[in-house]
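K.L.:
Letter by letter, the chains look like this.
Number of protein chains: 2
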Amino acid sequence: MTRLPIQIKLTDSKKEKPNPEKLIFGKSFTDHMFVADYEEGKGWHSHRIVPYAPITLDPAALVFHYGQTVFEGLKAYRSADGTVRLFRPEENMKRMNVSLDRLCMPRFDEEAALHALTQLIQIEKDWIPTLEGTSLYIRPFIIANEAFLGVAPAKKYQFMIILSPVGSYYKEGIHPIRILVENEFVRAVKGGTGGAKTAGNYASGLKAQEVADQQGYSQVLWLDGVERKYVEEVGSMNIFFKIDGEIVTPAINGSILEGITRKSILQLLRHWNIPVAERQIAMDEIREAYEEGKLEEVFGTGTAAVISPVGELNWGGYKMIINNGETGPVANRLFNTLTNIQNGKEDDPFDWVMELKSELVKLA
Amino acid sequence: MTRLPIQIKLTDSKKEKPNPEKLIFGKSFTDHMFVADYEEGKGWHSHRIVPYAPITLDPAALVFHYGQTVFEGLKAYRSADGTVRLFRPEENMKRMNVSLDRLCMPRFDEEAALHALTQLIQIEKDWIPTLEGTSLYIRPFIIANEAFLGVAPAKKYQFMIILSPVGSYYKEGIHPIRILVENEFVRAVKGGTGGAKTAGNYASGLKAQEVADQQGYSQVLWLDGVERKYVEEVGSMNIFFKIDGEIVTPAINGSILEGITRKSILQLLRHWNIPVAERQIAMDEIREAYEEGKLEEVFGTGTAAVISPVGELNWGGYKMIINNGETGPVANRLFNTLTNIQNGKEDDPFDWVMELKSELVKLA
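So the protein sequences, as listed, match chains F and Z. Each residue of the first sequence is one higher than the last, beginning at 1 in the working numbering. Each residue of the second sequence is one higher than the last, beginning at 1 in the working numbering.
Keep in mind that a hint or two might mislead.
Just so you know, same-sequence chains aren't split out, so a pair can sit in one copy or run between any two.
Heads up, simulated DSSO-like pairs for lysine-lysine below, C-alpha to C-alpha not over 27 Å straight-line [as the list claims (entries may be wrong)]: (1) LYS156 with LYS22; (2) LYS22 with LYS171; (3) LYS14 with LYS229; (4) LYS229 with LYS190; (5) LYS22 with LYS125.
Hints were generated in silico from the structure; no laboratory data involved.
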């Protein structure tokens, strides 16, 4: 692993840690953050871990005006014996570079990013909550910070990693959500940025979410932007259907984000010899399967919830109640297996988990 | 006009003004900026004009992660007698609110925004260059600055106006550009954010621009994201075609930005009794018109260039040379009329220009 020198400056005043029973996603942050700077001609430099603090930007910084920004999201888990585990972090770093390419932003060496991340987590390991279902959410992100209003890729960037202790997604056990199929708004289209983890995709999705909220639905199911008939994603998760014994998920097509949980689930299902297919799925097909009693399960997948069963799909007023509104056996098995692998309670046949060795962090 | 109290704090150390012969778009900024804050339950407050300075944001500020941001762009012109002119600024403020709605961000009172803008320009009027073709570029923008990683509309925002003296777009007279018709990447699709002036639209366009640059083209012509056959915009401008005596421009359809220059040009053309049409235009139609010798002129329109004639269109290798690669008579007439109205050299039959009265700015 590349060992780029990281300057470390620890805080003098540690924050009080939040009550692990009352953690709110993305609200509190740890004592330190990782920062690196990029300048054209000089590359990435000044890798450092510093006290978590506000950052200073010129009002003309490109990120505010033309949105050059990319992020990632993953989690660290700590078991009772103190072992810290990361789930396939190298996949996040790989995807980060795919996103950076799409946004005309400079790549960040994947091993260096992983090294930075593990060093930061070593320093902050007391921040990882140990209560069942809790974890430390990790948010690496890159922003264009050159002060220039020209519509062109920036010449200056900042890479940062911040950490936030998060509570259990399911406080009262895994339970299904109600989903509105979105017919008006579009998340992404082929040729756009849907396959990249960039801010604009999330901003454009807020309006549809607002409408769904007002109608009592917790997420929207996005259809393709061209024909408005093929399934893409659910909220900010990938989606799976169990139809007549087969698990089907939309194939990666340029407008769908390639989820790491999605990829892991496909691998698990194949390992279990459950039939799976990655292909186009039309809403008409879902409706037909439902009418024939063959729509057995529906679930979303992502880092936050791992598995999010869907109990109801509302497509323009036509309501489909899936598995009597209860979590199905495949969703349950996937949820238990994945979370057990993440927490070290179950074998890890695919070598997905990275255990953090206790290393002495050298102070600069 | 609403007269919200604006606190004014002037700088102690004025910057040196850049050489008006060597101005680069969006590189240098004036001595002061306007700022206002929003908080849920409290609304917009703390309207102030302060020295231009970096702003401080939490690394978890929503704008960095989920891209809630909206901007506008317009110009102030100063004539030799000192009169300061704005071109239809109320239209920008109206459009800003349309964009804010789409991004689930709080509206800013249009009259209050206009008042803030004129107060700031009064203070900075010595920054408006007077050389032929130069102006003061005005950039109002709003960013979500709440420190929260949840994918939901923020509860805190900041509205700012910054000013940048800009040089003449055409240093050696108006001249045509070469355009690559974009077949791979898509700027926007119906149901997305193409009709809003928000950062994500610009970030997603950078990749196509990079490819065009490499092939020696200065801009791309965007086609619709659904059928990939209808014309949408050129770079970040609207586009017009003169076909057999009629001026045609794509109708506003939800994925095209409704330009204020576009709107003014349509009004001028109708006033001149030149036939105009706002409708869908397929690339096949453009090619056919070209082959029949009926594609008489092509030009882009926007705040930066006002009119940008197109001398060549390259559609997948098929090259169309328009008007012998020279600026056509309609483009020329529109450019001269619009810039003369903006500069006060010609009558303003539509009451487009707002002249800034010299008011005493009260210091707080």
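K.L.:
Go through the numbered hints given earlier and state which of them the structure violates, listing their numbers in rising order.
P.N.:
3
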